[in-house]
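Here the protein sequences line up with chains A and B, keeping their order. Going by this note's numbering, 190 is the number at position 190 of the first sequence; the sequence numbering is gapless. Going by this note's numbering, 91 is the number at position 91 of the second sequence; the sequence numbering is gapless.
Please keep in mind that the hints were generated in silico from the structure rather than gathered at the bench. Just so we're clear, the structure is a prediction, and the values are computed from it rather than from any experiment. One or more of the hints may lead you astray.
Pairs of lysine-lysine, DSS-like flavour, derived with a Cα cap of 25 Å [claimed, not checked]:
#1 B:Lys-130 x A:Lys-185
#2 B:Lys-67 x B:Lys-130
#3 A:Lys-185 x B:Lys-96
#4 B:Lys-130 x A:Lys-192
#5 B:Lys-96 x A:Lys-210
#6 B:Lys-82 x A:Lys-185
#7 B:Lys-130 x A:Lys-146
#8 B:Lys-96 x B:Lys-130
#9 A:Lys-57 x B:Lys-67
#10 A:Lys-218 x A:Lys-192
#11 A:Lys-185 x A:Lys-113
#12 B:Lys-67 x A:Lys-185
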Amino acid sequence: MTTPDTVEAPPMDVPADADMPMDKNTSRRAFIGITASALAGVMIAPGIRLIEIAAAKPVEQAVSPAVRWGMLIDTAKCASGCTDCVTACNTENGLSGGVKETDSQWIRKLDIKNLQTGRIASMPMMCQHCADPPCVDVCPTGASFKRADGIVLVDSHICIGCRYCVVACPYKARSFVHEPISGQKPNVPRGKGCVEGCTLCVQRIDRDEKPACAEACKAAGHEAILFGDLNDPDSEIARRGAKVATQQVRGDLRLNTGVRYEGL
Amino acid sequence: MTRIATMTWRCCLLIALVALGAALPIAPALAAGESSRVPRPVINAGDGKACVADSAFMRINHMDLLKHQRDDTVHRGIRTAKFSLGGCVNCHASVKTGSVNAGPDDFCRSCHVYAGVTLDCFECHNAQAKAAPGKTTVAPASAHASGTAQGGQR
Numbered sequence: 001m002t003t004p005d006t007v008e009a010p011p012m013d014v015p016a017d018a019d020m021p022m023d024k025n026t027s028r029r030a031f032i033g034i035t036a037s038a039l040a041g042v043m044i045a046p047g048i049r050l051i052e053i054a055a056a057k058p059v060e061q062a063v064s065p066a067v068r069w070g071m072l073i074d075t076a077k078c079a080s081g082c083t084d085c086v087t088a089c090n091t092e093n094g095l096s097g098g099v100k101e102t103d104s105q106w107i108r109k110l111d112i113k114n115l116q117t118g119r120i121a122s123m124p125m126m127c128q129h130c131a132d133p134p135c136v137d138v139c140p141t142g143a144s145f146k147r148a149d150g151i152v153l154v155d156s157h158i159c160i161g162c163r164y165c166v167v168a169c170p171y172k173a174r175s176f177v178h179e180p181i182s183g184q185k186p187n188v189p190r191g192k193g194c195v196e197g198c199t200l201c202v203q204r205i206d207r208d209e210k211p212a213c214a215e216a217c218k219a220a221g222h223e224a225i226l227f228g229d230l231n232d233p234d235s236e237i238a239r240r241g242a243k244v245a246t247q248q249v250r251g252d253l254r255l256n257t258g259v260r261y262e263g264l
Numbered sequence: 001m002t003r004i005a006t007m008t009w010r011c012c013l014l015i016a017l018v019a020l021g022a023a024l025p026i027a028p029a030l031a032a033g034e035s036s037r038v039p040r041p042v043i044n045a046g047d048g049k050a051c052v053a054d055s056a057f058m059r060i061n062h063m064d065l066l067k068h069q070r071d072d073t074v075h076r077g078i079r080t081a082k083f084s085l086g087g088c089v090n091c092h093a094s095v096k097t098g099s100v101n102a103g104p105d106d107f108c109r110s111c112h113v114y115a116g117v118t119l120d121c122f123e124c125h126n127a128q129a130k131a132a133p134g135k136t137t138v139a140p141a142s143a144h145a146s147g148t149a150q151g152g153q154r
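Same shape as in the complex, but just chain A:
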């Protein structure tokens, strides 16, 4: 999986996202947030709370399709040459950080150039967590699946390593583990003979934390990666999506990706 220096920009006729789902009903998260802040009386100004109320899902409760996790990546804020998101991903998930063809890369940094105008934009590329994922369509065993909250995952217990999904993914987001692995992270089991890819840091999401790349980008001061619930109209990502033009890479494939970009 080589990383080209420049790749051609996606077709300019990619429709701006008008399909960010907006649930009119007050979501559970918003309800808890409003109730808690009203009780505590800590609302400083509309939308600004002194204490951010964590609406963590109870561990024994299954993930709900009411939530759809996604990312909005602002290429204007993403610095060319900065690889903090990649490093954070490798550290969080126990990846080697190698970039050989046989090394797993869950997130890559790309510089894309518009060949007509010469504009170069930098962006991270990883699993786009499609609503209609081709990797799930082609998987012969059901190992490649979409979780109820929109995260596309590989169940390594079922994966036979056929790599159909690697071929089917238009984003080159899947990697195959070629070598035996040891010293895995306790929450990120990985093994030889299975396909793997970005999990949106599912182990962090399940304990109500943000993905490592988004945290690292914020820590680096760029804040190019905005993570949140696309289904929650009050979430920062949904509010931003309603305001600015966002694009899906290869939007022409109509996969309805969960990872979206600004200023491609």
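Given the coordinates of chain A, assemble chain B onto it according to the supplied hints.
For chain B alone, coordinates are given in the frame of chain A:
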């Protein structure tokens, strides 16, 4: 004639009773494996003092519990601690190797090798217990070496 027959019968009964009395205390000793010729697995439960369920139940059903938990966790995001593999590892890791699968006497490996049952969990999952604060982590290289060694035993 009748008297001799009665005597013989009484002697037989006495011998049988003595034999039964001698056999009774031996039977539990055999069951405990103390004087058995049959080899037994070393069960080194690590720090684990009280399991999440009764030991006899766990011996028979641990694989089903783990499989159920695995599907719940991977597909439904349910990460309860009770039957988690990480919980098993952290509690039962041997004090010597810090693992449940590194040395021949380690908790999971000992029984699985004894029973001749392939132990696949640690092909992907880490068998090392999470290092307690201030405790040094055992080098992952040792875990890898043990993994290949076990592969050879199959």
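Structure-based check of all given hints:
| no. | hint | result |
| --- | --- | --- |
| 1 | B:Lys-130 x A:Lys-185 | 9 Å, holds |
| 2 | B:Lys-67 x B:Lys-130 | 22 Å, holds |
| 3 | A:Lys-185 x B:Lys-96 | 21 Å, holds |
| 4 | B:Lys-130 x A:Lys-192 | 22 Å, holds |
| 5 | B:Lys-96 x A:Lys-210 | 36 Å, violated |
| 6 | B:Lys-82 x A:Lys-185 | 20 Å, holds |
| 7 | B:Lys-130 x A:Lys-146 | 30 Å, violated |
| 8 | B:Lys-96 x B:Lys-130 | 14 Å, holds |
| 9 | A:Lys-57 x B:Lys-67 | 23 Å, holds |
| 10 | A:Lys-218 x A:Lys-192 | 33 Å, violated |
| 11 | A:Lys-185 x A:Lys-113 | 36 Å, violated |
| 12 | B:Lys-67 x A:Lys-185 | 20 Å, holds |
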